[in-house]
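Q: Spelled out from the first residue to the last, the chains are:
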Amino acid sequence: MMRAVVAAALCLLVTLALALAVLQRPAPAEDLPARVDAALAASGVSHPVTAVLLAFRGYDTLLEVGVLLLTVVVAAALREAQPDGADRIGAANPLLHAVTGVLLPLMLLVAGYLLWAGSTRPGGAFQAGAVLAACGVLLRLSGTRLGWLEHPWLLRAGLAAGLLAFVAVGTASLLTGAAFLAYPEALAGALILFIETALSVSIGLALLSLFRLAPPHSDVPRAPDRRERRRG
Amino acid sequence: MSWLDALLGLALCMSALLALASRDLFRAVVMFIVFGLLMALAWVRLEAPDVALAEAAIGAGLTGVLLLDTLGYLRRRFEGGSRRRARSS
Numbered sequence: 000m001m002r003a004v005v006a007a008a009l010c011l012l013v014t015l016a017l018a019l020a021v022l023q024r025p026a027p028a029e030d031l032p033a034r035v036d037a038a039l040a041a042s043g044v045s046h047p048v049t050a051v052l053l054a055f056r057g058y059d060t061l062l063e064v065g066v067l068l069l070t071v072v073v074a075a076a077l078r079e080a081q082p083d084g085a086d087r088i089g090a091a092n093p094l095l096h097a098v099t100g101v102l103l104p105l106m107l108l109v110a111g112y113l114l115w116a117g118s119t120r121p122g123g124a125f126q127a128g129a130v131l132a133a134c135g136v137l138l139r140l141s142g143t144r145l146g147w148l149e150h151p152w153l154l155r156a157g158l159a160a161g162l163l164a165f166v167a168v169g170t171a172s173l174l175t176g177a178a179f180l181a182y183p184e185a186l187a188g189a190l191i192l193f194i195e196t197a198l199s200v201s202i203g204l205a206l207l208s209l210f211r212l213a214p215p216h217s218d219v220p221r222a223p224d225r226r227e228r229r230r231g
Numbered sequence: 000m001s002w003l004d005a006l007l008g009l010a011l012c013m014s015a016l017l018a019l020a021s022r023d024l025f026r027a028v029v030m031f032i033v034f035g036l037l038m039a040l041a042w043v044r045l046e047a048p049d050v051a052l053a054e055a056a057i058g059a060g061l062t063g064v065l066l067l068d069t070l071g072y073l074r075r076r077f078e079g080g081s082r083r084r085a086r087s088s
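As they're listed, the protein sequences go chains A and B. Residue numbers 0 to 231, in numbering that gives the first Met the number 0, belong to the letters of the first sequence in order. Residue numbers 0 to 88, in numbering that gives the first Met the number 0, belong to the letters of the second sequence in order.
Each hint should be verified, as a subset may be incorrect.
If you only want the chain A side, here are some residues facing chain B, beta carbon under 8 Å, derived [unchecked claim]:
hint	residue
1	V48
2	P121
3	G122
4	F125
5	Q126
6	A129
7	G135
8	V136
Worth flagging that the hints you see were computed from the coordinates, not collected in a lab. All values reported here derive from a predicted model rather than from experimental measurement. The beta carbon of each residue, even a glycine, is placed where N, CA and C say it ideally should be.
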C-alpha cells in the first residue's frame with residue numbers, strides 16, 4: 000500500500016514537471032516554418048514536409064534509411080541463430096485468397112498514389128512503403144508464396160536499393176561540384192521522386208522482412224530457455 | 000469541435016490505460032491497435048496528416064500485426080511446451 004502511494008506521488012510529480020516544462024518552453028529562436036516556406040520554391044517539391052525530409056534535411060533521412068537497413072541485417076543475423084524449420088506462412092484459405100485478390104490491386108494503387116502524392120500533399124516514401132509491406136504481409140498470411148523473395152540476392156538488392164539510390168544521387172551531386180545531396184534545381188523534383196520510388200520499395204521490403212524473419216514454428220528441440228534451466 | 004477533441008483525448012488515455020493494465024495479452028494488443036488508430040485521428044486534429052498516415056500504417060497496422068504474430072508464437076511455444084513437459088513427466 001505504502002509503495003503504491005509513493006509510486007503514485009512520484010508519477011504525479013513527473014507529470015507535473017512535464018506539464019510545467021511544456022507550458023514554459025522557450026520561444027523558438029528562429030521561425031523555421033517561415034524559412035521553409037521561403038525556400039520551398041527551390042526544393043523541387045511543393046509539400047513542405049517532403050521538402051524538409053528529402054531536400055533540406057536529406058542527410059537525416061539518408062541515415063534513417065541506413066538504420067532501417069541495419070535493423071533488417073541484425074534481424075536476419077538473429078534468424079540465422081535460430082533452428083531451421085518450416086517457414087511460417089499462413090495456411091492457404093480460399094476465402095482469404097478471394098479477399099486478397101480484391102484488396103491487393105487497390106492497395107498497390109494506394110501505395111503508388113501515396114508515393115506520387117508525396118511531392119504535393121501528405122504522403123511519401125515511408126507511407127507508400129508501409130502499404131507495400133502490408134500487401135506482402137497480407138499475401139503471406141493468406142498463404143501465397145512469393146518466389147522471388149526467397150531469392151537471396153534479389154531480396155538484398157531490393158533492400159539496399161533505397162540507400163544505394165540515395166547515396167548515388169548524393170555522390171553525383173558531389174561529382175558535379177555541389178555539396179552532398181544538393182540537387183541541381185532543374186532536376187530536383189525528378190531526383191526526389193526517383194529517390195522516393197527506390198526508398199518505398201526498400202522500406203516495404205524491410206518492413207516485410209522483419210515480419211518474415213520471425214522464428215519458425217516448429218517443435219524441433221532448441222536451446223533450453225530460462226524457464227526450463229531454472230527448474231532443472 | 001472542442002468537446003470532440005476532449006472525447007478523443009479521453010479515449011486515448013483510456014485505451015492506453017487498458018492496453019497497459021490488461022492481463023489478457025490479446026486484449027492488450029487490440030487496445031494498442033485502437034490506441035494507434037485514435038492517435039492517428041489526434042494527429043489529423045493537430046493538422047499533421049503526414050504523421051497521421053505514418054501512425055496509422057506503421058503504428059497501428061504493422062506493429063499490430065507483429066504483436067499478434069508474436070502472441071501466436073508465444074502461445075504455441077509455451078502452451079505446447081507445457082503440454083509436452085506434462086506428458087513427459
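Q: Are the hints correct? Go through all of them and say.
A: Now the hints, each set against the structure:
1. For the restraint placing V48/A at the interface with chain B, the shortest Cβ-Cβ distance is roughly 5 Å, inside the 8 Å limit, so the hint holds.
2. Interface restraint check: P121/A against chain B, minimum CB-CB distance 4 Å, threshold 8 Å, status holds.
3. Using the Cβ-Cβ criterion of 8 Å, the hint placing G122/A at the interface with chain B is satisfied: the shortest such distance is roughly 7 Å.
4. A hinted interface residue such as F125/A counts as satisfied when its beta carbon comes closer than 8 Å to some beta carbon of chain B; here the least separation is about 6 Å, so the hint holds.
5. Hint status for Q126/A: holds, given a least beta-carbon distance of 5 Å to chain B, under 8 Å.
6. Restraint check, A129/A versus chain B: the minimum CB separation of about 4 Å is within 8 Å; hint holds.
7. Interface hint status for G135/A: violated, as the beta-carbon distance to the closest one in chain B is roughly 10 Å, over 8 Å.
8. Here the hint on V136/A is kept, as its CB sits about 6 Å from the closest CB of chain B, short of 8 Å.
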